[in-house]
Every structure is written in C-alpha cells, then in structure tokens.
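A.B. asks: One line per chain: the protein sequences are A, B, C and D, in this order. The letter at position 22 of the first sequence is residue 22 when you use the UniProt record's numbering, and the numbering goes up by one with no holes. The letter at position 129 of the second sequence is residue 129 when you use the UniProt record's numbering, and the numbering goes up by one with no holes. The letter at position 48 of the third sequence is residue 48 when you use the UniProt record's numbering, and the numbering goes up by one with no holes. The letter at position 99 of the fourth sequence is residue 99 when you use the UniProt record's numbering, and the numbering goes up by one with no holes.
Worth double-checking, as some hints may not be accurate.
Said to hold, decoys possible - In the DSBU-like style, the derived pairs of lysine-lysine whose C-alpha atoms are separated by at most 35 Å in a straight line are:
hint	chain 1	residue 1	chain 2	residue 2
1	A	K59	A	K72
2	D	K324	C	K61
3	A	K91	A	K72
4	D	K298	B	K97
5	D	K298	D	K373
6	A	K72	A	K87
7	A	K91	A	K71
8	A	K164	B	K169
9	A	K71	A	K59
Calculated directly from the structure, the hints in this document are not laboratory data. Keep in mind it's a predicted model, so treat the numbers as computed, not measured.
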Amino acid sequence: MSEWINTLHPAWQALIRVLLVVLPILMLVPGMIWWERRLLSWMQDRIGPNRVATITWSKTSRLVPGFLRGKKTHFFGLIQPIADGVKLFLKEDITPAAVDRVVYFIAPAVALFPAFALGGTLPWGPFPALTPIADVNIGVLYVLAVSSLGVYGVVLGGYASDNKYSLMGGLRSSAQLISYELAMGMSLAGVVMATGSLKITEMVKAQEAPLWGAVPTLQNWFIFTPFGFISAVVFLVCMVAETNRAPFDLPEAENELIAGYHTEYSSMKFAVFFMGEYAAMFVFSGVFAAVFLGGYNLLPIRWDETATAVPAMAGLFKFLGQMNGALAGFWFLGKCALGITAYIWLRATLPRLRYDQLMSLGWRSLLPLAVSNLIVVALWIVCTEVYGASAAWIAVVAAGIALSVAAGVAHRIAQRGRPNLEVRGVRLVGGNPAQDEAVVGGPAA
Amino acid sequence: MEGVAQSPNLLVFAAFAGVAALAAIGVVAFPSALRSALCLVINFFVLAFLYFSLGAELLGITQIVVYTGAIMVLFLFVIMLLKLQAPALLHERQDFKIPLGLAFGAALFALIGAQVLGPLQGVFQMRADPGYGAPEPVGRALFSLYLWPFELASVLLLIGIVGSILLAKRKL
Amino acid sequence: MTGVPLVAYLALGLLLFTLGVVGVIVRRNPIVVFMSIELMLNAVNLTFLAFARYLPATGMKTTRDLAHGAMAGQMAVILVMAVAAAEVAVGLGIIMAIFRLRDDLDIDEMNLLKG
Amino acid sequence: MFDFPVPPVDWLAISPIVIVVVTGMLALFVEMIRPKRNNNGVVGVCLLGLVAAAWAVGVNFGQPEGELLAGMAVRDRFGLVFELLILGATFMCLLFSEGYLREKRIPFGEFYPLVLWSAAGGMVMATTRNLLVVFLGIEVLSIALYVLAGMSRSEERSEESALKYFLLGAFASGFLLYGIAFVFGATGSLHLGSLAAAWTSGEAPTRAMLVFGLALILIGLGFKNAFVPFHQWTPDVYQGAPTNVTAFMAAVSKIAAIAALWRVLEGAQVLSVIWLPALSAVAILTMTVGNLVAIVQKDVKRILAYSSISHAGYVLVGVLAHFKSPGEIGATTVFYYLLSYSLMTIGAFAVVSLAARGGREVTGLASLNGLWKRSPVAAISLLVFVISLIGIPPTAGFIGKFLIFRDALQTGLTPLAIVLAVNSVVSVYYYVGIARAAFVAEEAEEGEGAAMNPALAGTCALCAVGVFAAAFLFEPLVSFMGLR
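Go ahead and model the full structure; you've got the sequences and the hints to work with.
C.D. replies: See below:
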C-alpha cells in the first residue's frame, strides 16, 4: 500500500522518510510531558495541571451555541506543555561566565542526537518502502551503538558547566550508562540468536511465528517465551537506566546534586536536554515494543490461521487481520505509549537507588542474569539443531541448575566477610574519605 | 582534478577524510585534554563512516560501539575524575619537543608516502566481494578459521578485567 | 565507494598514524599520549580495511583467496579493537593509580627511576 | 563464497597453552575461597598446572609436526622446546614470589593467574606463524606485565615504571600493527608463509610494502626484545617493577620475543639481504651500549637490566648466525643460550629480591653488603650466577657464549664475533662489582634485608645447580630437545 513512494525522486523519498521519523517524535514530546504530569498527579492523588486550555465560553457571543454560553470547558490541561514551552523560550538564557563555551553549547545538541538517530530503525508497520527508514543489516547493533552515544550529552554538559554538582552528575552518568549497556547488549544478544538476524524487521517477523512452535493461532512474541521474558526484564531495567529515568536518575538526583548535569543550563538549552530525555524514552519504548512485544501487531493472534481454525467466524478474523496490517502504525504507537506509561509508573512507584545499589544491581544481578540467559539460549538452539527438542530440554534444565548453583556459590563467596550493604558508604573518587562521602551521598540518608 | 568531476564519491570521501584529519590534528594540538578527547571521538565516528564506505558495515558499527561508546567514555570518565581533583593538570604547557615531533612526523609521512604509497596510485578496483563485511560472513570466519585468535582475545579481556581490578580496587 | 583510489584511504591512514606518533612525542599528559596511541591503532584499522577491500596483493586469483584475504583484514581489525579495549582498561587503571600517589601527571616530571 | 569450514581442533597440540590458561582461572577461584593467611594454595595450584603443561608439551614431542587450527598455530620442535623453556622460567619465578610479595606487603593472589596468563601469551608467540596471533600473543604477554609492573600500588616507582612500560609498549604495538597491515596488503594474508611468494613475484609496490612492513614489525619486536635503540624503557621498568616481576620479564618476555623474532625472520628469509646488515648493526649497538652503560650504574636492578640488554644482543648474534646460513647452524645455540640466560637472570633477581623487607625495598649496590653473613646460600649462588653471566667455564653461560662465538665465526659474521668477545671482557667489570658488594663484610647501612626463606633458597639452589648441570649435561640436553 505504500509502494507509491517508490515512484518519487529519491531525494523526496528520503525527505518523507526522515520527516516520518523526526516529526512524530518532536510532536509527541509535549504529549508525553502532559501525560507524565497528569498520570503522576493521578497516581499521587493530587490534581496536576488542569488549568491551561480551560475555555470559558462567552456569555454573550452568538457564535457560541446556547448550551455552552457562560460555561467552562476543561481539556485536562492539554495545552500545558505548550505553555511550558513558551515559558522556556521566553526565559532569559544565562551562560555562566566560567563555562567552557564551545562544549557548553554543543552538549544539549549532542544529547538530542541519539534519540532521532535511533528513531530511524523503528518499524512502524509492514511497509518496507516506507518504514523503517534504515532497515540496516546491523539493526540491533546500531541501536546499541547509537544509544551508547547518549552519554556524551550528559558528560559534556556536566564537564562544561564548571560546577562540582554538574561534574558529579556527569561522572555518575558515564559510569551508569557503561554499566547498563553491557547487560542491555547481552539481553539483546539472546534475541538475536533466537532470530538469527540483527535486523529489527526480521525480529518482528520472527515473532509472527506460531507460539512456542506449537500453537498455530497465536504469535510467538518474545516476551511470552521463557528466555525472552528474562531478556525483556533485563532490557526493561536497562532501558530505564540508559535514559536516566527514575529510579535510576542519579545523574540529576535533586536532593544530592541540585539538578545534576543541567544545573547550569537554562531556557532553551535546558529544554533541549529535556526533549532529548523524552525522545529517548519514546525511542527505547519503541525498540522494546519491536523486539519483545511483537512490533506493529496489535494482538498476539495469527489472524489467517485463526480464520482457518474457526471457519464460522472466518470473515471477521480476516477483516481483523486486514485492520491489523492497515493500522499497524497506530498499534505500534500504542505500544510505545504503553512503554512510556511504564516509565511514569516506575517513577511514581520506586524510590531512587543509591549509587552502590545501582552498581550492584547492574553488575551483580543484571549482567550475570543476562549472560546466563544467553548461555542457556545458545545451548537450547544448539541442542535442538543437533540432537532434537527432548535433548534440548534436558540440557537447558541441567544448565539452568548448574548456573543457579554457581550463582549461589558466587553470592555466598561475595557476601562472606562483607558488612551489611546498608551501612556501607560509597567512595567515587580518591582523597579524604569523610569529605568524599559527604559529596557523593555516603551512607544511606 | 578531473577525478572529482567524474566521481562524486571522491568528494564525499574527501569531506569525511578532511573531518577525520582535522579532528586528528585537534587531538594533538588542543592543550586541553577534554578537547583532545572530543576530537578523538569525532575522528572515531567519522572513521566508522569510512568503514561503511569500504563495505565493512559490521566493523563500522563495532567501531562506534567499542570506541566511541565505551573506550572514549572511559577516557572522559578519567578526565572528569581528574578535573574534580586537580583541574590544572588537564591543561599542559608547551615546550621544545614540538618542533622535534613535527619534524619527525613530517619525515615519516614524506618517506612512507613517497616510497610505499606512491607505487600504489593506480589501484582503483575493489576486488573483495561487496558483501564481505556483512555480519554473517564475519561471524562465520570468526568462529571457524579465526577461532584460536578469538579465544586468545578472550584471555586478553580476562587479563584486562583482573588487571584493572588489581590496579584500581581500593582494598584487596 | 567506487571511484576512490586505494591510495586515498592509505594516505589518510598514514596521516592519522603520523599524527598519533607526533602526539606521543610532543604531549606531556599521559592521557593524551594514550589517546594518540589509540589514534595510531585506528589508523592501522583503516589501513587494514582498505587493503581488505581493494586487495592489491598479487597472486590472488580465485574468489576463494579473495574471500579469505578480505576476511583476514577484518579479523585483524576486530581483534585490534579487543586489544584496544583491554589496553584501555589497564592503561587508565595505571594512570589513576599513579595519580592517586602523586597528584601530578606530567610525563616529563616522572624521573624517580634514574641510574 | 563465504563458506568457512570449521577446522578440526587439535586439542593435544594446544593443550599446554590451554592448561596454563585454565590453571590461571582455577587459581583465581582458589584465591577467592582460600584462607586469608597465605597464598600457598594458589601457588601450589599454579606450580602443578605448570608441571602438567610441561607434561603436555612432552606428550607432543612425538606427534607429527605441522600447521594446526587453520594455520593459526604450529607444532614443531622449535615451538615445543621454547614452550618448555617458558614453562620452566615461569616455574622458577613463581617459586620465590610468595616470600618476596609478603615482605613487600603486596601479597595479592591475583599475581599468580596474571603471571600464568602472561606466560601463555609467550607460549602463543612461540607456536605460531600467523602475524595476527603473534600480535595477540605479544599483547597477552605485555598487558599482564603492565599490570604486574604496577602491582605495588603504594610505591611511586612501581606505578611510574608501569606507566612508562605501558605507554612505550602500546606505542611499539602501534608500529608492529602498522607493519602487519602493510605485510597484509602485500601478501593478502596474515600468514608469514605467504611472504616469500609475494617477494619473489617481484612487483615494485609489493616489494616496497613488504620492506616497509617488515621494518616496522622488526621495530615492534625490537622494543619487546629491548634491542638498542628501542631499549630506553628497560632499565626504568626493571628497576621500578617488583623484583619477581622483573625476573619474569627478563626471562619469559625475552624468550618469547626471541621466538617471535625467529618466526618472523624465518618467514622473511628471502629478504635477508635487506635485514641482515641492519640487524647486525643493531646487535653491535645492543651489546656495546648495554655493557658500557651498565658500568656506570649504581643500582643492582639497573645493572642487571643493562646486562639483559647486552645479553639480548648476544642472542641476536646467534639468531643472525642461523639465518646467515640456515642449513649449517640450527636453533640449538639460541635455545641453549636462552636456557642458561634465564637460569642466571632469574637466580640473580631472586637473590636481589632479598633486599625487600617490611614493605620497603632498596636495591642500591650497597644493599647487597653483608649478604655473605646473612645468607651464605644466596651469596654463593650469586657468585655462581655472576661467573656464568661473565662467561667463565665450567658454567652454562660460558658454553652459551662459546656456541654463539663459534657460530658467528663459522658463518662469516666475524665483526659480530669480535664485538661479542670484547664486550664479554668489558662486562667483567660490573659483574665483579656485584659479586664484590655481596662479599663486603659490613652490613648494609639501609638496614638489613629480609631473612632467607626456604622457597627462595630452593630457587637460588635450583638455578645455581642448573647453571652447572646445563653445562655438564650439554650433550644429553641437546639431544633430548632434538633441535638441529
């Protein structure tokens, strides 16, 4: 249905595709901000922004229908983000005197870049001519590569600001992002092995296979498979950490670091940081949806097979299948919204981690979990290919037991002679211990 | 320069190569360590595109993941740690070694350029198969013919892990 | 990219390599010296890949030889990257360790070891 | 087209290296669950692993020779014998390490796995003809050594030496790699075996690339071997690193580097008209500079460092003699010289390691004063090592030097032979200085060194006995090794 685009000049094609990526993300950012504020306020049992975009209809105008005259119509504060934007635009743009000017100026742009570069790989539907704009052979690696660039915005902002709090935020962020990237890559590697391709579109296609290879009417979304589920959990945690969102928002922990790396930023430069964060959230949700949640399919149902299985309602199912294909972009958008909602939910629910807890979670829990998962998936694939499914079950169960025993032993050894985690302070840098603990936050407050 | 007119590719290459060269000069010339690091990031990033232009797509993306995504972040991390404690260290003075180094570099460049690269001027044909850099063939080669070096690299990384812990852990 | 001669890539590689060497010679901050070394390694990687794609080696007539030759260059690059990663981990560890001891990082000032 | 068949893995051939690496990992686990009192368990595991690896090498002696693992590794007599040499040297270094590390207050259990992995890197270098694998071997060997050199974290000298070693080492690997890249460009392969064919094909660009690439590779290897003028790092690093690490560096790193040099030159035999004169000049420079500078040194470790530089020059003469006429001269001379050299050097450094006490270590010449009173075993072994290092009969050092001298004369490298002889005479001066310091009666003013411990005494005795044994059992040893 989208083949018409192939008839255009290549430059026009490219332009259309790029706009298809950039515009939705840009336009969605205000919506996301509004949704976050409303949802948070609802979860926290308060009102939230509801004033902007309240229309008070004139009592006298004849243009207004009678039943509206003198009434107020509430739009749940929908225009609030635009008001915010206007405010940020008009604010005074302060550049502190001691900053490293060049770096200070490019940092927000660098922060915004990865989200848009990633947006190009999101598959918005089964329309190969139109989307994704770059169906590269190396899709997942591209995601990892570009998302790893996200750290630069934070680090540069922190460095250039000439402010210890900013610097500290940058430091924490670089450590955090490097740590969680590993587990993220490992969790994706399992999916890559299951799919046999690095392309994201191939991953979506692989998820349209029968569930567990056994149920022909259902789709095999990776989140429904045991290994895929573990990968999905690891990926979910890592993607929250990679976007610096609560409960991993240590780089901008306001009770410790004021506002972290963007303390010294104001006006539009701050807004760009802000936009970058939300765009990254959106894009990561999209990647999660594509890789684990079946991409642009609304429901994990294989409509054609269901139609043949239930001949009585074949027509209905066929129609639903067509709808599923035609409106794929909307379903994908819906899944992204779901991801964003999960982000907000996490923010409303979980308290911020301490620095040592963050590192401990990343290195001691997520990475071993992801690596074990990877090993088990590899075993599973090799055994099914070489010896058949029954041997694979035996091998995987054995490997699972062995890995958990190993994990237990390692945990016991690691914990031996170690004081309770809760009373340990963190020292990020050398020098005077007492002073450093005061700076970094030290023992849990 | 009739080649330029014939081939827009050469222009694209020249643009990339120019950026890479400027960034490399920046690495050497900026007195501030952070500026040097940023120039190096740009250089690595552009090199990744040059790898793409050579058809080595997997290596290009690995370049971004490994160099810009991990190695340079580690460099920045250390630079920031130093800035936190002794900012003055990151700005260095200049001294007599500069003309010496430049002369040596110019000599090296001229010598190799004339003697080794000169005779290669006529080579335009890319003889390797265009798909040689796709993930699949690279993976196959890595896990078959190059299994032994691959395992050695794993030992190397193990040494890196144990070694950096031995050097940097606060208490052993 | 067709139309670009091999020598263009090699010249860029040589330029980067030379700049790396110059950096190692003229700079005093070990971090920057180390970065210059990374620049050298990347110049080498570019050279490897250029050779792998163009394969100027004579005596490679069959496609099998070409495929093996092209792959050898790529393998070298992958393994150099692994080496660079391990080197960075260890090297920055050493730099931090020395900084903890003396609050100074000038290479020219490091003269404890003298005969 | 891109179908790469999985080559059969000959586990037996790579078993020595695999055993050493796995022993390192096991040692790491043992270190994790050991009682915190001492590292004896770790040391025991490592020594056992080395013995097992040596046994595996022995099993390989009877196997057919040839290329393995798709040409990445090679099994031949030369490689096996060098593996044995590396294993033996590592064994000796590990033997006396524990007491020294305790005295120096750096009893880190991670030391042992790192040494093992480093040795594995050396073994890889000795058993391959693939340039990429040579490079990886060098890096495995060196990166572990960078860490080990900086292991004494509270000591500025140690960290400084680690930084110097690291920066110069990485710099040299850059050159080595650039050279490999050009050889790859000329031959289309990373295997040294394809070098000769590319050279004889005779095209001008190919030849230019080959010469240039080989030059850069030799510069990189020259750094590893500490040939003059790439030797500047050696004295500083040898002095600053912990003494047991220095012993390991002086012995294993040099053996492996010579083996790699041997492999490269073997592949580049057709170009020998070009590199033979250059390397001869390097050999003369190395011997002369090493000995002359050693005379003015005041620190024992620095003296031994320059001595090791000059010994590298002697070995290079042996190597060149072989490649001047490979049909006539075998690898026996080089192997035998390296064997005697590692015995003497490790022994000498073991004696020097007595200077560490209570976390401090002073290694000036005066620190040896009174050694005769404190520990007669150490003093006598030091005397033996010095005699052998000078090259006085009936020690292994004498026979080694004599063999090289003979080979050089036989193949017409007369200038090198003469320089070697003159340098041996020059070296008497500073070697005697070491021996005299040990037998001076009065105590060292910096406070006395550590007490002797059994492992150290055992190492000294083993090395001292080995120096004589290698001399008296020359014939059986050589015939057992089976080198030409």
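A.B. asks: None of the hints should be skipped; say for each whether it holds.
C.D. replies: Against the structure, the hints:
1. A:K59 <-> A:K72: holds, 11 Å
2. D:K324 <-> C:K61: holds, 34 Å
3. A:K91 <-> A:K72: Holds, because 30 Å separates the two Cα atoms, which is no more than 35 Å.
4. D:K298 <-> B:K97: Between K298 (chain D) and K97 (chain B) the Cα gap is close to 30 Å, so the pair holds against 35 Å.
5. D:K298 <-> D:K373: Cα-Cα ~22 Å, so holds.
6. A:K72 <-> A:K87: holds, 24 Å
7. A:K91 <-> A:K71: holds, 33 Å
8. A:K164 <-> B:K169: holds, 24 Å
9. A:K71 <-> A:K59: holds, 8 Å
In the structure shown, no violation is registered for any of the earlier numbered hints.
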